Amino acid sequence: MDVNRDGVLDILSGSYSRHSKDMAGLFQVLYGQKSGGYAVATPLCGSDDEPLVITMTPGDGEDQVTDKICTRPFACDLNGDGKLDIVSGNFSGTFALFLGEEKGFATTSSWLLHDGEPLRVDAHSDPFLVDWDGDGDLDLLSGSAQGGAFLFANEGSKTRPAFGARQTLLEPVGHDAGNGGPHWGDGDLTGPQASTRIWVDDLDGDGKLDLLIGDNVALCFPAEGVTEAEAKQQLVAWEKRQQKVFESIQPSDGKTPTEADQQEFQTAYEALQEERAKFVRDEHTGFVWFLRRK
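Note that our numbering gives residue 30 to position 30 of the sequence shown, counting from 1, and the numbers run on in steps of one.
A few of these clues could be false.
In silico SDA-like cross-links for lysine to any residue, where the CA-CA straight-line distance does not exceed 20 Å [stated by the list, open to error]:
(1) Lys34 <-> Asp2
(2) Lys103 <-> Gly32
(3) Lys83 <-> Ala106
(4) Lys232 <-> Ala277
(5) Lys103 <-> Leu30
(6) Lys278 <-> Val236
(7) Lys240 <-> Gln266
(8) Lys83 <-> Pro182
(9) Lys34 <-> Leu9
(10) Lys240 <-> Tyr269
(11) Lys21 <-> Thr42
(12) Lys232 <-> Glu275
(13) Lys21 <-> Glu50
(14) Lys244 <-> Gln233
(15) Lys83 <-> Arg5
(16) Lys21 <-> Thr66
(17) Lys103 <-> Cys76
(18) Lys158 <-> Val130
(19) Lys244 <-> Ala223
(20) Lys232 <-> Cys220
(21) Lys294 <-> Gly134
(22) Lys232 <-> Pro182
(23) Lys278 <-> Val245
(24) Lys208 <-> Trp289
(25) Lys244 <-> Ala260
(26) Lys244 <-> Val226
(27) Lys294 <-> Asp202
(28) Lys278 <-> Gln242
(29) Lys294 <-> Asp133
(30) Lys294 <-> Ala153
(31) Lys103 <-> Gln167
(32) Lys208 <-> Gln167
(33) Lys294 <-> Leu209
(34) Lys103 <-> Asp133
(35) Lys83 <-> Thr159
(36) Lys83 <-> Arg160
(37) Lys232 <-> Leu272
(38) Lys255 <-> Gln266
(39) Lys34 <-> Glu50
By construction, these hints were calculated from the structure, which means they are not laboratory data. Bear in mind the structure is a predicted one, so any value in this text is a computation, not a measurement.
Using the sequences plus the hints, can you model the full thing?
Quick look at the structure:
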């Protein structure tokens, strides 16, 4: 998108948090150069020339710092006034709006709402705005930390957006989807897993918008010299030993574990991990899934 309206495309990114001051995920821009390439990333500022920071709701308290970290911006003209606006996701799973102004962006943000409550997914909102239902205005889609794909249809208009309740386009699997039975290689997978990110386009040229969904998943493979059957059998026994170690750090009398208890737990836990590595190799990866719209 052309953030500074100079006719050259720029790259806009969010971030987890700045290191100075209070925690806040600043927006970073790599401005495109007319001679080619991009400038060094700089914080995106509002009309007051200060870095944009998502505005927390008054009274949220310190525990709501997640409202303004892990930002995921999407630039679009949400209200049809000819100015670029920014809709940002965050750690909490809500969506903040910075309206475009004559000189940049509003210095404070507001929440996208439905019935007076913030639109929300299950953490790590990742907005993508597009006319999903073909009625001429921008609808909001997002993935989430738990996975899945969600739609908030714009029930207002191109100039006065009003978003409806969350609709599920793809059910989330949850972070614990593999805990009942680990994924042994990618042949075990049948669809997107957790930490989904969305892109929308007509990928097959049939006139319908499709979904590209990225995800994150942990895969298991037998260690060298171990068959899959042997690895699975050893993993069952290993998980029972792991459960006993976890139970050891939770005293039945309800008292807080002593430093010696914690050290004993840490030593046992590290030994378990070394033992596991002898028969199982873990790989954390992700895939991009093409979901064709019917």
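So, going through the hints one by one against the coordinates:
A C-alpha spacing of about 12 Å is found between lysine 34 and aspartate 2, which places the hinted pair at or below 20 Å, so the restraint holds. Under the criterion of a C-alpha separation no larger than 20 Å, the hint pairing lysine 103 with glycine 32 is consistent with the structure, at around 19 Å. A distance of roughly 11 Å separates the Cα atoms of lysine 83 and alanine 106; the hinted pair therefore holds under the 20 Å criterion. Distance hint between lysine 232 and alanine 277 is fulfilled; the C-alpha atoms sit about 13 Å from each other, no more than 20 Å.
Annotation: proposed proximity of lysine 103 to leucine 30 holds, straight-line Cα distance about 18 Å (limit 20 Å). Taking the CA atoms of lysine 278 and valine 236, the gap is near 14 Å; set against the 20 Å cutoff, the hint holds. The hinted pair formed by lysine 240 and glutamine 266 meets the criterion: a straight-line CA distance of about 17 Å does not exceed 20 Å. The hinted pair formed by lysine 83 and proline 182 fails the criterion: a straight-line CA distance of about 48 Å is larger than 20 Å.
Under the criterion of a C-alpha separation no larger than 20 Å, the hint pairing lysine 34 with leucine 9 is consistent with the structure, at around 9 Å. Restraint check for lysine 240 and tyrosine 269: the C-alpha separation of about 13 Å stays at or below 20 Å, so the hint holds. Pair hint lysine 21 plus threonine 42 holds up; C-alpha atoms about 17 Å apart against a cutoff of 20 Å. This hinted pair checks out: lysine 232 and glutamate 275 have alpha carbons roughly 14 Å apart, not beyond 20 Å.
With a C-alpha separation of about 14 Å, the suggested pair lysine 21 and glutamate 50 falls inside the 20 Å cut-off, and the hint holds. Of the pairs offered as hints, the one joining lysine 244 and glutamine 233 holds, with about 18 Å between alpha carbons and a cut-off of 20 Å not exceeded. Annotation: proposed proximity of lysine 83 to arginine 5 holds, straight-line Cα distance about 10 Å (limit 20 Å). Distance check on the hinted pair: lysine 21 and threonine 66 sit about 15 Å apart at the alpha-carbon level, within 20 Å; holds.
Restraint check: the Cα-Cα separation between lysine 103 and cysteine 76 comes to about 16 Å, which is no more than 20 Å; the hinted pair holds. For the suggested pair lysine 158 and valine 130, the alpha carbons sit about 11 Å apart, so the restraint of at most 20 Å is met. For the proposed pair lysine 244 and alanine 223, the alpha carbon gap of about 24 Å is over 20 Å, so the pair is violated. Annotation: proposed proximity of lysine 232 to cysteine 220 holds, straight-line Cα distance about 10 Å (limit 20 Å).
Restraint check for lysine 294 and glycine 134: the C-alpha separation of about 15 Å stays at or below 20 Å, so the hint holds. Distance hint between lysine 232 and proline 182 is fulfilled; the C-alpha atoms sit about 9 Å from each other, no more than 20 Å. Annotation: proposed proximity of lysine 278 to valine 245 holds, straight-line Cα distance about 19 Å (limit 20 Å). Between the alpha carbons of lysine 208 and tryptophan 289 the distance comes to roughly 17 Å, so the proposed pair stays at or under 20 Å and holds.
Only pairs whose Cα atoms come within 20 Å are accepted, and lysine 244 paired with alanine 260 is accepted, the gap being roughly 17 Å. In summary, the hint linking lysine 244 to valine 226 is not supported, as the alpha carbons are separated by about 25 Å, beyond the 20 Å threshold. With a C-alpha separation of about 12 Å, the suggested pair lysine 294 and aspartate 202 falls inside the 20 Å cut-off, and the hint holds. Taking the CA atoms of lysine 278 and glutamine 242, the gap is near 15 Å; set against the 20 Å cutoff, the hint holds.
Under the criterion of a C-alpha separation no larger than 20 Å, the hint pairing lysine 294 with aspartate 133 is consistent with the structure, at around 13 Å. A distance of roughly 18 Å separates the Cα atoms of lysine 294 and alanine 153; the hinted pair therefore holds under the 20 Å criterion. A C-alpha spacing of about 36 Å is found between lysine 103 and glutamine 167, which places the hinted pair above 20 Å, so the restraint is violated. Restraint check for lysine 208 and glutamine 167: satisfied, since their Cα atoms lie roughly 18 Å apart, inside the 20 Å limit.
For the hint linking lysine 294 to leucine 209, the alpha-carbon distance of about 9 Å falls within 20 Å, and the restraint holds. Our distance criterion of 20 Å between C-alpha atoms is broken by lysine 103 and aspartate 133, whose separation comes to about 32 Å. Distance restraint check for lysine 83 and threonine 159: the Cα-Cα separation of roughly 12 Å lies within the 20 Å cut-off, and the hinted pair is therefore satisfied. For the proposed pair lysine 83 and arginine 160, the alpha carbon gap of about 14 Å is at most 20 Å, so the pair holds.
A hinted pair counts as satisfied when its Cα atoms are at most 20 Å apart, and lysine 232 with leucine 272 qualifies at roughly 16 Å. A C-alpha spacing of about 18 Å is found between lysine 255 and glutamine 266, which places the hinted pair at or below 20 Å, so the restraint holds. About 25 Å separates the Cα atoms of lysine 34 and glutamate 50, which puts this hinted pair outside 20 Å; it is violated.
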